[in-house]
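Student: Sequence:
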Amino acid sequence: MTIGFTAGALVSARGRDWVVLPESASDMLVLRPLGGADDDVAAVFPAFEDVRSTQFPPPSVNDLGDALAAGLLRSALRIGFRAGAGPFRALAGIAVEPRAYQLVPLMMALRQRTVRMLLSDDVGIGKTIEAGLIASELLAQGSAQKLAVLCSPALAEQWQDELRTKFGIDAELVLASTVARLERGLDLGQSLFDKHPHVVVSTDFIKSTRHRDDFVRHCPDLVIVDEAHTCVAVDERTSVQNQLRYELLQRVAADADRHLILVTATPHSGKESAFRNLLGLVRPELATVNLDSDAGRKLLAAHFVHRKRADVREFLTKKDGLSDDSLREDTEFPVDRKFADETYKLSPAYRALLEDSIAYAGERVSNARDRGKREARIAWWSAIALLRSLVSSPRAAAQTLRTRSAAAIASTVEEADRLGAPLTSDASDSDAMEGLDVAPGAEIEDAGARLAELADRAEQLEGPAEDKKLASLVKHLKVLLGEGYHPIVFCRYIPTAEYVAEHLDGKLGKKTVVRAVTGTLSPQQRLQRIEELAEEAGDDPAARRVLIATDCLSEGVNLQHHFDAVVHYDLAWNPTRHDQREGRVDRFGQKRDIVKVLTLYGSDNGIDGKVLEVLIAKHRQIWKDLGISVSVPDAASSGVTDAIVEWLLMRNRQPEQVGLFEPEDFKSAAAEVETEWNSAAEREKASRSRFAQRAIHIDEVAREVTAIRDTLGRAGEVRGFARQALAGLEAVLRDDAEGFTADLSGTPAGLRDVLAPVVGGDAVEHRRPVPFRATAAVARGEAALVRTDPVVGALAGYVLNAALDAKIDGPRPARRCGVIRTSGVETRTTLLLVRYRFHLTLPSRLGERQLVAEDARLVAFQGSPLNATWLAAEDALQLPELTADENTNPAFGERTMNRVLDDLSATEGHLNAYGQELAAELLASHRRVRSASGEIVRGLSVTAQDHADILGIYVYLPVAGGAA
1390 MTIGFTAGAL VSARGRDWVV LPESASDMLV LRPLGGADDD VAAVFPAFED
1440 VRSTQFPPPS VNDLGDALAA GLLRSALRIG FRAGAGPFRA LAGIAVEPRA
1490 YQLVPLMMAL RQRTVRMLLS DDVGIGKTIE AGLIASELLA QGSAQKLAVL
1540 CSPALAEQWQ DELRTKFGID AELVLASTVA RLERGLDLGQ SLFDKHPHVV
1590 VSTDFIKSTR HRDDFVRHCP DLVIVDEAHT CVAVDERTSV QNQLRYELLQ
1640 RVAADADRHL ILVTATPHSG KESAFRNLLG LVRPELATVN LDSDAGRKLL
1690 AAHFVHRKRA DVREFLTKKD GLSDDSLRED TEFPVDRKFA DETYKLSPAY
1740 RALLEDSIAY AGERVSNARD RGKREARIAW WSAIALLRSL VSSPRAAAQT
1790 LRTRSAAAIA STVEEADRLG APLTSDASDS DAMEGLDVAP GAEIEDAGAR
1840 LAELADRAEQ LEGPAEDKKL ASLVKHLKVL LGEGYHPIVF CRYIPTAEYV
1890 AEHLDGKLGK KTVVRAVTGT LSPQQRLQRI EELAEEAGDD PAARRVLIAT
1940 DCLSEGVNLQ HHFDAVVHYD LAWNPTRHDQ REGRVDRFGQ KRDIVKVLTL
1990 YGSDNGIDGK VLEVLIAKHR QIWKDLGISV SVPDAASSGV TDAIVEWLLM
2040 RNRQPEQVGL FEPEDFKSAA AEVETEWNSA AEREKASRSR FAQRAIHIDE
2090 VAREVTAIRD TLGRAGEVRG FARQALAGLE AVLRDDAEGF TADLSGTPAG
2140 LRDVLAPVVG GDAVEHRRPV PFRATAAVAR GEAALVRTDP VVGALAGYVL
2190 NAALDAKIDG PRPARRCGVI RTSGVETRTT LLLVRYRFHL TLPSRLGERQ
2240 LVAEDARLVA FQGSPLNATW LAAEDALQLP ELTADENTNP AFGERTMNRV
2290 LDDLSATEGH LNAYGQELAA ELLASHRRVR SASGEIVRGL SVTAQDHADI
2340 LGIYVYLPVA GGAA
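Under the numbering used here, think of the first position of the sequence shown as 1390, with each following residue one higher.
Hints were generated in silico from the structure; no laboratory data involved. Hints should not be assumed to be uniformly reliable.
Straight-line distance between alpha carbons at most 30 Å, and here's what the computed BS3-like set of lysine-lysine pairs gives [stated by the list, open to error]:
| no. | residue 1 | residue 2 |
| --- | --- | --- |
| 1 | Lys1867 | Lys1708 |
| 2 | Lys1867 | Lys1899 |
| 3 | Lys1857 | Lys1896 |
| 4 | Lys1980 | Lys1555 |
| 5 | Lys1899 | Lys1727 |
| 6 | Lys1864 | Lys1899 |
| 7 | Lys1697 | Lys1899 |
| 8 | Lys1899 | Lys1985 |
| 9 | Lys1708 | Lys1697 |
| 10 | Lys1555 | Lys1535 |
| 11 | Lys1707 | Lys1980 |
Distance windows between CB atoms, simulated [unchecked claim]:
| no. | residue 1 | residue 2 | range |
| --- | --- | --- | --- |
| 12 | Arg1441 | Ser1566 | 24 to 32 Å |
| 13 | Leu2235 | Glu1921 | 40 to 48 Å |
| 14 | Arg1793 | Ser1566 | 58 to 66 Å |
Here the structure is a predicted model, which is why all the values come from computation and not from measurement. A virtual CB, placed ideally from N, CA and C, is assigned to each residue, including glycine.
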């Protein structure tokens, strides 16, 4: 290292102050801005640039502030910290504030040498955040160097955005549509997984033999698998695609040194074998261990997180086993879903079309059975396609009638099932949602004229006059909109969604905006369409948003900020799909306590009533009883729907009697699904009890949450800071029901410049108020009152820089010194805001890392610096809360501050000793977090650097007549 520039030293270069980092060499300094983040690190060559040693200057007596100055400066400093010294290295630098319960998986992971986790919290709790926390921490500590996220192509861009915006991880998309471009940029013999350290990969793309082998050879040392339940093989009936994904993950998991995080809300899916295969990927012995034994449960507990909303809605409370509720954290989930089922009846013309279509389909199926099994299966899937499209909409029916069946080209029974099933069934473990919302075909051979005639009739039924389902939707949507709801209408097929959107446009009121999102759009275009819908509706309380969507939005996309009701226009034939749809709005961040769910079903079409009765209603009841969703086994669900279709096609009865039937095949299928479902529900209920999170005790969580909040600030501090700082910078604040808004147009130009990139230029220049919300789950354009929000971070940075630079024009609400008269003290008390630097040695399986980290503390003493009586830390924390009860004469204030500054060097011994105490506390905290892994603890060290920076000095004097 360059002589005179040791690690932790302060230097001045390029017009600012820096901290020298341990990575520096004799001819190159690696520097981090004072108080900055690792992303701001720069390399400086002293031979070519002017680099000088520097010291942090003391405050100036000519820049005294008021009673708020100390608290504002301390808060700005803590909010701005991006390189904290605590055991969670990443928390200070990420742009999301995790809930306390989301720290539990992170604490579990840090106790493992090689992290192997199955994150299975319920829908909407925040598994993506939990996985991102673990990944960012492993990367920050150096325990991992590269990251791969395996997910469906529809969710790839969302994962990329989450990693970048919330965790500061720039990942390259590896999809079928991007791989050619990426490979063109490779050197000869180079793998794109070597060139790009962090990637988001389509699971369906990478499972192919060509790409799978390259990925496994160059696989990153940290892998996250989203929707992991779709990547396990269960038995011989498992789809080829699932089998390929499972084989890929088996090879990835075979490297015992690779970190692996599996993410799924449905680890069981009603199948114990699927659950065991998932566990086997996490740790091979979990595939066979007796989970009813204490040893088995203890082994699983270290790797498995499985909580429902009721477990975390109120966290760190006396109910959890703590002595009080001082750390209590409430998470806003909707408390319930309000279900309503509304019926409609077919018009005479629509009924006639349905009858004729059923007669045609029944005839085709009957004739095909006489010709062979392959022909029978092709006809079967064609019939189901026709019936589902007819029940969906006239437009879907017309398209199906004019389109050749996908199964028609099959050469075997198995191929016919593989081609026909995905487009007509709603299996919960379908390979992907992409492409499954297209209208299926029904034409199989020489029936063109007959099908064309039926298609012509279907086209004539468009509109609410003949399509009573559409008329019913319009009526019920008007009620929902009148109650203030913003609904999503889910349809099975693209033609239906487009048809519904077309007919709703202009029918629901002048201030209602209707848009459709289907699989015809790319994943990114879908999100853009939704944002455009929200922007067009605007902030007018009378405006309403209606989104018409297919199931391309039923997984992974979070819609709770813009919508609060769900309408099932088409019944799914597997109730898990309904739960997925409802879960897009019923999740953390939804502002309504009650999410409304409206299901439309035909009372006389022979299908909807039985699907609702046997499948949908049963699923809801289990959800209400257990508070969680339990998947019905796909085979049992298909048995019910197959029995309905079979009866419709093959029984020689009048359609008017369809709604009254109870054939034996249907009774048998319904009884089978009831039995299997009840069994699955009991297993799930038992597993919630058996596998309750016990790996981390609640006291351990409370201790670390307290340490994090003490270092980085608490929610109340951030809210108070934002209001006081914005008011001090001449923003116009207005309270509302959800927090407050700030008009930034009158604030200093420097603040507007730093806020414009995060809030938008129209907010700072055109008087658009910026909403500040008390919840961390905010919509685009809103600021969360948490330290990690970009708006709050930019505000803190400006306040800190303004306090340190007296030459900045405009108001400066935080100052580095002040003299305050208050009734809160009885003798002269001096508060110091001190910034410490710590040298950390963090061992990991990849070797030791040397780091320089920062922490800010308040210390206080009574009397003069030469004869100081030092106060306890908790007493020092109370001083910034004191208010000024008398004015202080400016000349007297300057004389008082001068006396303190003249003798300030006398405090250095105590400050150095206190730094060593803090280092010991930090070392103990690091050891606690890693307590279960002795290898990770060995070699761990934390030392404080002497000569801490004194950023602020605040003298509190008693009011006139008190001792001074």
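Student: It remains to establish, for every hint, whether it holds in the given structure.
Tutor: Hint check results:
For the proposed pair Lys1867 and Lys1708, the alpha carbon gap of about 43 Å is over 30 Å, so the pair is violated. With a C-alpha separation of about 12 Å, the suggested pairing of Lys1867 with Lys1899 holds against the 30 Å cut-off. In summary, the hint linking Lys1857 to Lys1896 is supported, as the alpha carbons are separated by about 15 Å, within the 30 Å threshold. Of the pairs offered as hints, the one joining Lys1980 and Lys1555 holds, with about 22 Å between alpha carbons and a cut-off of 30 Å not exceeded.
Our distance criterion of 30 Å between C-alpha atoms is met by Lys1899 and Lys1727, whose separation comes to about 28 Å. The suggested pairing of Lys1864 with Lys1899 holds, with an alpha-carbon distance near 16 Å, which does not exceed 30 Å. For the given pair, Lys1697 sits about 41 Å from Lys1899 by alpha-carbon distance, which is inconsistent with the 30 Å threshold. The straight-line distance between the Cα atoms of Lys1899 and Lys1985 is roughly 23 Å, inside the 30 Å bound, and the hint therefore holds.
At roughly 16 Å between alpha-carbon atoms, Lys1708 and Lys1697 fall within 30 Å of each other, so this suggested pair holds. For the given pair, Lys1555 sits about 18 Å from Lys1535 by alpha-carbon distance, which is consistent with the 30 Å threshold. Note on Lys1707 and Lys1980: the hinted pairing holds, with a Cα-Cα distance of about 26 Å set against a maximum of 30 Å. In this structure, Arg1441 and Ser1566 break the distance hint of 24 to 32 Å, their C-beta atoms being roughly 51 Å apart.
As the Cβ distance of Leu2235 to Glu1921 is approximately 45 Å, the hint placing it in 40 to 48 Å holds. For the hinted restraint 58 to 66 Å between Arg1793 and Ser1566, the CB-CB distance of approximately 27 Å leaves it violated.
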